[in-house]
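K.L.:
One letter stands for each residue in the lines below.
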Amino acid sequence: MTRTFLGMPATAPAGVGQLRGEESFPAAARRSLADPQLRRNLGHATRTIRAKSAGVIGELPDWQELRSAGSAIKADVLARLPELLEQLEAKVTEAGGVVHWAADANEANRIVTDLVRATGSDRVIKVKSMATQEIGLNEALAEAGIEPVETDLAELIVQLGDDRPSHILVPAIHRNRAEIREIFLRAMPEVDPALTDEPAVLAAAARRYLRQTFLHTKVAVSGANFAVAETGTLAVVESEGNGRMCLTLPETLITVMGVEKVVPTWRDLEVFLQLLPRASTGERMNPYTSMWTGVTPGDGPQAFHLVLLDNGRSAVLADEVGRQALHCIRCSACLNVCPVYERTGGHAYGSVYPGPIGAVLSPQLTGVADNASLPYASSLCGACFDACPVKIDIPELLVHLRAEAVEARRRPTAESVAMAAAAYTMDRPRLYEAAQRAARLSRLAGRRGRGLPPPLNGWTGSRDLPDPPAQTFRDWWAER
Amino acid sequence: MSSRDLVLGRLRAALAEGGQPPVQVPRDYRPEGTLDLDQLVERLTDYRAHVHRVPEAAVADTVAGLLPAGATVVVPPGLPRAWLPSEVTTLTDDGLDNERIAAADAVVTGAAVAVAETGTVVLDGSPDQGRRVLSLLPDRHVCVLRADQVVATVPQALARLSPHRPLTWISGPSATSDIELNRVEGVHGPRNLHVILLP
Amino acid sequence: MRIALFVTCLADTMFPQAAKATVRLLERLGHEVVFPEQQTCCGQMHVNTGYQRDALPLVRRHVRTFDPYDVVVAPSGSCVGSVRHQHATVARRAGDERLAGRAESVAGRTYELSELLVDVLGVTDVGAYYPHRVTYHPTCHSLRMLRVGDRPLRLLREVRGLDLVELPAAEQCCGFGGTFAVKNADTSTAMLADKMRHVLATGADVCTAGDSSCLMHIGGGLARLRTGVRTVHLAEILASTEPSQTADERSRLAVRP
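Chains as they are written, first to last, in the working numbering: chain S, 145 to 624; chain D, 44 to 242; chain V, 12 to 268.
In isolation and in its complexed conformation, chain S is listed as follows:
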């Protein structure tokens, strides 16, 4: 009995990591919407990336075929996830790596902390990784007296600015060059006080600042974009070379990876290496991709640990509709095309996974009750579905999760009572006609709807409701 219970899919625990916001999406969004600088930064950045991405996607005559293949490979991965993970474990072990399994964030943090401690190092260099942000690894390391140094430029901006990431790919997308310069001047040790806000100058400052750290840190922590079950090969896709530094220079490499990142075969990479860069940074290929299989004698880290992380993924997998959120390859295309994200930014989503994918992934990882406002953080415009390189039907998932959120409620709410009443009325044409007449005659809403009660007055705060017409269509039809 106990074994069965323990083996049931579980959501991510609360109190660790960053999957839950402190307030609802509408409340958090209100603050972002009131920040004109933030909206300008986001508008500019997302417009830029949309145009770049559209350009390089247009160069491929088989983009749709690649999307279909990518989607099917991911569906296949999920259908055979346990066996693929066992295969991956065997291959990584065979190649000299050590595989660890982490049921949740706490366990993953403990594993990594213990591994770092065992090396005697009090500092780790990190490649940008969503998984380690999700589990709050930096906080756990710091608590254990180990300094985590983020080496991705945007992560560095976030870390030095004592800020939170707001985008999957470009965590500092909410900062413009002038703000970045100020952060560097304030928080980067030994920075040149004559620093300008030229992007190349800012990048050079980061290069100087991190170089010695790269050369003298013995442990690195990375995430993984892909792990090939067939061969035990890991892949990290990046731009700056900080990834190469972390994956090459230290003596010990610890990679933390969500279980869904496994792909069955070496050949499958041919699909994702075409999809990911074009959908994410809008490049034909990102500057650097590193692939390694276990340990290579005489080249790179001689100790390699792979931590396979569940942290709620089994719960997502258990939902036959919802599981397609696990197809995600973290490209951020859905963020860049989302009209809601473009205006609210990533912080409003509360979780490290913002935007449309966050709105469907975070509530599933935590259980929908803990992120109940996120499935509603979308107008269901569908731009995300079109942009997704692995064809995640995010609108369908949002609608599905809204139903889950409603059906998980124990007590009726004003909304649920109104919805039930509306459905009751609409299923009875006589009552429906009577309601139409009532709406027309009583003008309950007052002039142009301005007197509507909350929450409907949210709508009429900035828009006029038209006056009901003198005659409904069905009355007109009856009189014809």
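Since the hints were made in silico from the structure, they are not lab data.
Residues from chain S that face chain D, not an exhaustive set, calculated with beta carbons under 7 Å:
#1 ALA189
#2 PRO343
#3 ASP443
Backbone N, C-alpha and C define an ideal beta-carbon position, used for all residues, glycine too.
Fit chains D and V to the given chain S structure using the hints.
P.N.:
Frame of chain S, contents of chains D and V only:
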């Protein structure tokens, strides 16, 4: 119960309901394309790599022209000596420490494969390419590529590569899009990438 | 052809002119329009807000009502989208596979107005006359759920007297999204503000679309700002002809100063 059993048990339980039908992966995307060396050159150049198309006999002179006088160059042990100009100081990798590699003016390597469509060169740690660190720390990377190493598409490149070697896919010099999503060259990797393309 | 009109609850109650125009247009083109009176609402608002169980009887009613007809038309991309992409899902979620099958069958015979005209009836010139400067907002569900593509634009280009101007950033959502506009009113308003800015930039006196709901949203914003730009459903433009205009329509269609 070990965490391994716990995680695998949860995943199996999650999949248990209804059984999982096998998934057929449609692979009707292009497996290969028509090779076009000009496309490779154009796309490397588009991402700010410098391309030099010369006959093999001219490699050493070309390399010399890319380096300051008295330059120190790191080379992997299997690099053809004929590619190196006589006027540079050569540091052949026999386990050089990182500081010395980082202090060099340049590194010269061969390549395993290149992809024309994406403007990518791939290194696989063969003797003419060496350890990954060699092509990472110097600020200038000169990569010598033969035309028969170039393929048109990403699927063709993967088919030529071995997953059991450490691979580095390089598409232009180190860059970032982290400031206002504009690509800026020059962060942690080599800020100058020269590709010498042989016939 | 005998065509059943799925009027949609919003057009029936709030925007009957769009539905009346659909009837006039189709009859003018020589088709018979019938109005199954047992219809009420497709349940989209319930589904999109999470109340799939409450939507189930509405789906059942819709399927029962329209199953007898070979061709069904609605002047709404959004409601047709719900019929095509949600009804079977609602039925399956409730474990009613038989209803799901019937829902799919009805969905296969249900068309948004521009789809019906271009694909089924094979016309793009419907003989309309509408002497106004018009910009077209391709609503999200028409664009991305139904993929109506340029069908509405092809229809509009054939309208005599009509000066069609391109809407900048046309594919961006107007921010309506049903209860989204209520639950996330601030974000919705920010989206609407940009949409209105683009509409005003065209200098058009009429903004048209294939959905009364989005037009209600955009029109509500434009009215609040007293811009003088009106929202008019695509069906009304296509139904307009010079000789057939009544005095009432003339005054309604005329641009207010």
